[in-house]
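Engineer: These are the residues of each chain, in order.
Number of protein chains: 4
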Amino acid sequence: MVGGGKDAFIGAIHRIAANSDGLIELVCGALSINKDIAIDSGQSLFLPQQRIYLTYEEMIEKESKLPEGERMDFLTIVTPNFAHYGPAVMALENGFHVVIEKPITFTIDEAKQLKKKVEETGKILALTHTYTGYPIVKHAKELVKQGALGKIRKIYVSYHQGWLSKLSEREGNAQAAWRTDPKRSGKAGAMGDIGTHAFNLAEYITGLQVTELSAALNIVVEGRALDDDGGVFLKFNNGATGVLTASQIAAGEENNLFINIYGENGGLEWHQQEPNTLLVKWLDKPTEIVRTGMGYVSPIAKHNSRTPGGHPEGYLEAFGNIYRNFALTLSAKLNGETIDSTLIDFPSVDEGIRGMAFIENVVKNHQSNEKWTKFEI
Amino acid sequence: MVGGGKDAFIGAIHRIAANSDGLIELVCGALSINKDIAIDSGQSLFLPQQRIYLTYEEMIEKESKLPEGERMDFLTIVTPNFAHYGPAVMALENGFHVVIEKPITFTIDEAKQLKKKVEETGKILALTHTYTGYPIVKHAKELVKQGALGKIRKIYVSYHQGWLSKLSEREGNAQAAWRTDPKRSGKAGAMGDIGTHAFNLAEYITGLQVTELSAALNIVVEGRALDDDGGVFLKFNNGATGVLTASQIAAGEENNLFINIYGENGGLEWHQQEPNTLLVKWLDKPTEIVRTGMGYVSPIAKHNSRTPGGHPEGYLEAFGNIYRNFALTLSAKLNGETIDSTLIDFPSVDEGIRGMAFIENVVKNHQSNEKWTKFEI
Amino acid sequence: MVGGGKDAFIGAIHRIAANSDGLIELVCGALSINKDIAIDSGQSLFLPQQRIYLTYEEMIEKESKLPEGERMDFLTIVTPNFAHYGPAVMALENGFHVVIEKPITFTIDEAKQLKKKVEETGKILALTHTYTGYPIVKHAKELVKQGALGKIRKIYVSYHQGWLSKLSEREGNAQAAWRTDPKRSGKAGAMGDIGTHAFNLAEYITGLQVTELSAALNIVVEGRALDDDGGVFLKFNNGATGVLTASQIAAGEENNLFINIYGENGGLEWHQQEPNTLLVKWLDKPTEIVRTGMGYVSPIAKHNSRTPGGHPEGYLEAFGNIYRNFALTLSAKLNGETIDSTLIDFPSVDEGIRGMAFIENVVKNHQSNEKWTKFEI
Amino acid sequence: MVGGGKDAFIGAIHRIAANSDGLIELVCGALSINKDIAIDSGQSLFLPQQRIYLTYEEMIEKESKLPEGERMDFLTIVTPNFAHYGPAVMALENGFHVVIEKPITFTIDEAKQLKKKVEETGKILALTHTYTGYPIVKHAKELVKQGALGKIRKIYVSYHQGWLSKLSEREGNAQAAWRTDPKRSGKAGAMGDIGTHAFNLAEYITGLQVTELSAALNIVVEGRALDDDGGVFLKFNNGATGVLTASQIAAGEENNLFINIYGENGGLEWHQQEPNTLLVKWLDKPTEIVRTGMGYVSPIAKHNSRTPGGHPEGYLEAFGNIYRNFALTLSAKLNGETIDSTLIDFPSVDEGIRGMAFIENVVKNHQSNEKWTKFEI
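Chains as they are written, first to last, in this note's numbering: chain A, 1 to 377; chain B, 1 to 377; chain C, 1 to 377; chain D, 1 to 377.
There is no bait here: all hints are sound.
One copy or two, either will do: identical chains are not told apart, so a pair holds if it fits within one copy or between any two.
Below are the BS3-like pairs computed for lysine-lysine, each with C-alpha atoms no more than 27 Å apart in a straight line:
1) LYS285 x LYS151
2) LYS302 x LYS166
3) LYS65 x LYS123
4) LYS112 x LYS183
5) LYS187 x LYS235
6) LYS235 x LYS166
7) LYS62 x LYS6
It is worth saying that the hints were derived from the structure and are not from the lab.
Modelling step: build the complete structure from the supplied sequences, incorporating the hints.
Structural biologist: Right, dumping it as structure tokens:
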């Protein structure tokens, strides 16, 4: 693991998610650029002294010299956005598979180069767009794919948080500090941090792709350097349209990601904060409450849950699904087996590139006077 | 009453709403342009034979000759949009007050002239933007007014229905037929029919006014003549921004009007389909569930409800509040009394003009390539 | 109307409910035993001076002497429980139909005698067990009747309020004072006031009858004279069992009446505070959200609603349904027509007797050491 | 681990829960009494060949001979109820700590003897009453403890499932088979399997103890040997009363455990299926929605959650909290440190005994004609 020391947030989440199925074990780490934190964090995670590294370069170099079966199998990168690309490329080049916290890179060019590297090396890359890991989200994708709703016509997707309602980046909030800093976060603030999740979710469930957009970004809190709020009108490749909103100044909201998708025959509604329930609406009959773990859900939803109906699964299990599917894929590859990719899926470098392109295109449109611009990669 | 015969929808709603408090009685009607329907409808409403009229002109003329105390006090207009202006002006000119189903007129010019007529005659005009009649919506307005949320920053308002998911106007649905017909409905379809309600709700609760907008309208169902779906980015006069969406092709939705408003300190959330609950969200403490009829709500919410907490009030009571407040205002005027307008409010000609301007401005922006255009009246 | 003066609660509800459909008009009243309140209340309701009476005896006597077509058609009784029987009997004997607020009488013997009187006179009596007036409750009854759930096995019904959490009857709360007073309220407190509603709802929806019960009543607030909380285990005539709870010390609850009914194939769930939604649960497929006003609901639900789906109906409309169905039945009777009783129903004297028997049997069982006792009438 | 082979349910849950924090590692197992399943299961969990045992006796014996630091630290028992006591006692006697799936034993006598054994050996025993592991349940306990609600007066707790609506034990459902078999499950069916969870939850949150009860059990599905449904009236040691219901024939329910607790000032409501939300109700102000992970929750709730607000935690995390707190306690004990038991708690042998006593007392009361009987241990 690169990053994820004691002062970080998402590293611990990755570790729990990776641990949970007994398929993955943390064996080494370059957990912080701060030496003391790196060592202290490694010790508290019971890492052997010699595998607590101070830089990712050192880690990759030394690990690659360990005998097979002993050295790490893959590298997880949980550093701020600007520090994704370096370790990812080096890992791939040295024969390690890679898991990266989203967004995949700092710029879209890095993302494209990373794709080339993945193709060259034949290694596996997983990108932790967590929300598509929820079983019922996968069931929703399946419903759309099977045509249950008819042609998709309209997509509303929103991701609203309130935690940046104040200028927290100036008040010692480290998370706020790097996420609102163009040098560490990238071209966009809220739209990059959470808008990309909404974008990914919409494309994942519908299987459609955005082709044009019209964006309006706002910096609501005075003194902030990046957008903390915004909206995007979307056109999709089948003629459907959409509205995507992202905000980090929606005071009082926690992590309110929700999506509504409408087709000719009916619609879907899902709220991340109650993630085990999918509402399936119909033109002429009652709305159905489809629930994780029930006997009637599709095989992909079953594969991606761990408990029977009524035993709520949460964010960590959704996260765990990415790791589990990555591990199953990796293990199949090592054993020369094939996997059933209709059950075992996870976001990878293509989703990463589209996410970076979303940021690029939104910012470009926002800055122009043209209403609609093409979605270009 | 003009319009509202047996084949109509909203007329019956107006009658129930007007009846409910025992303040208003239906005394005459020109209920349909179809003679048989007009007579039949009048009889089934127990109207005296001689006060069942065949045209509004006849009604206004004859009623104005009846002795005071016997003749009607005001005229309710529940015809399709294109037939609002005529009876409204004639009624005002002949000394009758007026209640009009929204939108106030067919064009914004008619609306402006109607305003002049109201000012000239000193008569009272009520416009039935029903959703602002809900007690808890009025409480929400009061919370914003008192500054509980701090400066308002962001408004999301949506009105989603599914009933026009098919080309129902060609399948004998009379409601669908006139509402999708530019000659009877006006320049906009969904945006005029329901988008204006969303717009009115947002301005009502926040006390803000839209100053600029960027719109994207869609005709989703092939063969339809007016927009059945659309979105609008909004800028408000205090610097806040908003996103308004309206759709009548959101298959499986009933009458899903909802609003989220965020200020510096917290936010509000209200869903019309569960209209007795207002969520009040805070940055640093638990979300509160504020409920109609409870002891703690503001005086305006109390005045506008009829039952104690836990006895749900609905759409008809919200509608009834407009009639009741109109009747109380009328009665105070007749008796030379003053009313407490902080408790007794209803939409009138100014809201009507802003609604028409919303339609005009949205359509104009949609048709232009400019992203943002000023909201002009 | 007997009772329902300015200081009362339920009288105003009855008036709004009766008004709403334009079928019923208040023509006279003995609105209070306090002369000033009686007169003042009558005037504020626009009653003619000579039809504001001071006692129900005077009213019935004088009204019965008015010419047909002018005199009142029926009498509504909204006095405290102990004062139901007198006016009801006198009204029936003098040729008037009767509407009574529940519980029907003070004792079960009065209820039985009232039934005889109804049968003798052939007059119509409606009892306002309001909650069975909700359209979706009627749809639930229809689902059970059609066997959708299979044989009914289990019924949970609860009615929880918090308004008697303090000794409010000693703090000037008039409602609390008579409802907790054995001389005015009867043998039971909460179990009579609201437990009977829960009992009525369970028997109404399922079409079953309680045959045995086991009860535990509590006086939670020190100093109170009647139960303010309690539970009852029930056995029904088809072998099903049930649990009924009623409480007025459930601090923080408004008017939380809810019911769950389970059969062999599935279950129903309804909450009075969100009265337009019925959850229909199934063994092997998703729960359905059945909603008032939608095209798919049964004819009885359609007859008993006034607005299309998504326009919430509330308590006043449920109440209004009892009055409307009563008025339609009355009108059919006067015109010698027959009505469709599968659409037009309302609680009457039999429901009143069962309600009184419920109170008797619960109190008797509670006071005994026997666990189970027969439900006797 | 004893039990939990490939054909079992709860074993996998225990493993995920134990894994998730990186504090616990599965090192050996006697996973099934079926040799092939035991071996196959052990291999698929990557256990070393020599630590896949065929019986618990063999495992305890051999493990206890391994050097400290290499041998297992504690034993998890996930066999059917009748097979809890044997391995538990043997483990304690051989110096191993123990985790047991609930109910603790087959009979109350076994439970009492186990307690003695725990006291004699000084070892730690954790009982996986999972539902008290939810962070917001712990917050609820804290609220009650701090007196926020005043004296507790009323407790409603229900656990409703539908999975035994048919005679599944005869249709090859292994879970159903042992849970409805008196020889493997014990004296009670639903009341033992899930009623004990409800009982434990009520006592945990309130800190009160049941002193008297009145029970009514039912065998609803013909041919079943144990109760599949029942209700219990409860009296608590502070004078509060309660109603507990448990059903496994509530067709269409998943795992619907919910609780309402009312005190003098307000109430609490929690639903296991949406476990991150606690409703806190007040007499005179709006209900509050208290949510897992928010800054305002109490320290015990914070200690027991892993993600920030809005990232839903689920059943596996609640389960994991028992393991984590057990591991932290164990580790502190091994290191001679003290732990903060106001943060780090888990159910143990006392809760186990009370659970067994609940079963005994419920069955005894049900079989008697006496309405109320003392809760005896």
